[in-house]
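**Q** Sequence:
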Amino acid sequence: MSEFDPNSSVARCSTMKDEGKGQGKEKPEGEEEEKPVEKEARVEQEELTIQAVKEEDVPVELEPKTGISFPVVVAGKQLNSVGLRKKSVFGISIKIYGFGIYADNEKLKDLLREKIGKAPSKATKEIYEMVIDSDIGMMVRLVIVFSNLTMNMVRTNFDEGLGAIIKKLTGRKNEELAKMIMGEASNNIKLPPGSIIEISRLPGYTLQTKVRGEIVSTVQSELICRAYLHMYLGGDPFDKEAKEKFGASLLSLF
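In the UniProt record's numbering, the protein residues as written are 1 to 254.
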């Protein structure tokens, strides 16, 4: 897979040209000066558009059960696995979201070679725990599938799921910590199919949550970082096949 070169973006080049054309020109008489707030909003929208174009130019991998496509590289992290989060309601299995697990593979490779050396025949519990417990940059991108999903439903799901794992890891409840992952995300945020939530582990055991491109929480806690990744790579993952594929990706790094 070839890495995407941000300097080749047509959108970026044309934007820079447009900016250059505007330099040195006088504003037509009667035209109002752009307000700072309006300018900030315009610039932000341009940046989001450029980012969208960048991702369009990157190769993708399809999650087979939903048909959702995931760029193979996002923010310098490589896609290692895709999967599906389902939930049973009254005995009916409902597709909630597709997900892609991304990681800084170079640092993962260094970690594995340092701690293990030779590749085992298959990914072991110790290898998964090594990744979960590390401070290496990772990100899980969630793409909503369920058409009636609300922010309140997402919040409740994460609060309950993380709460159960935190109790399993520590032997006691910590509801306050579990609730931090969705932070200040408003329950009024609409999540139609295709909406993206990105939850990233940043250096310093920091878990950052973005909902539709907006940062809603940044929590520094080794425990919450471990608990979150347990949802995908632990003993009872959301999608067992996705976990196994991530394990195979780890072995390929040797």
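Among the hints, erroneous ones may be present.
Taking lysine-lysine and the BS3-like style, the derived pairs with C-alpha atoms no more than 25 angstroms apart in a straight line are [said to hold, decoys possible]:
1) K87 / K118
2) K77 / K173
3) K122 / K190
4) K167 / K77
5) K107 / K125
6) K245 / K87
FYI, nobody ran anything at the bench for these hints, they're computed from the structure.
Computed from a predicted structure; not experimentally measured.
**Q** Hints first: check each against the structure and report whether it holds.
**A** Going through the hints against the structure:
1. K87 / K118: Status violated; Cα separation ~38 angstroms.
2. K77 / K173: violated (33 angstroms)
3. K122 / K190: Given pair K122, K190 is violated - Cα atoms ~41 angstroms apart, limit 25 angstroms.
4. K167 / K77: violated (30 angstroms)
5. K107 / K125: holds (19 angstroms)
6. K245 / K87: holds (21 angstroms)
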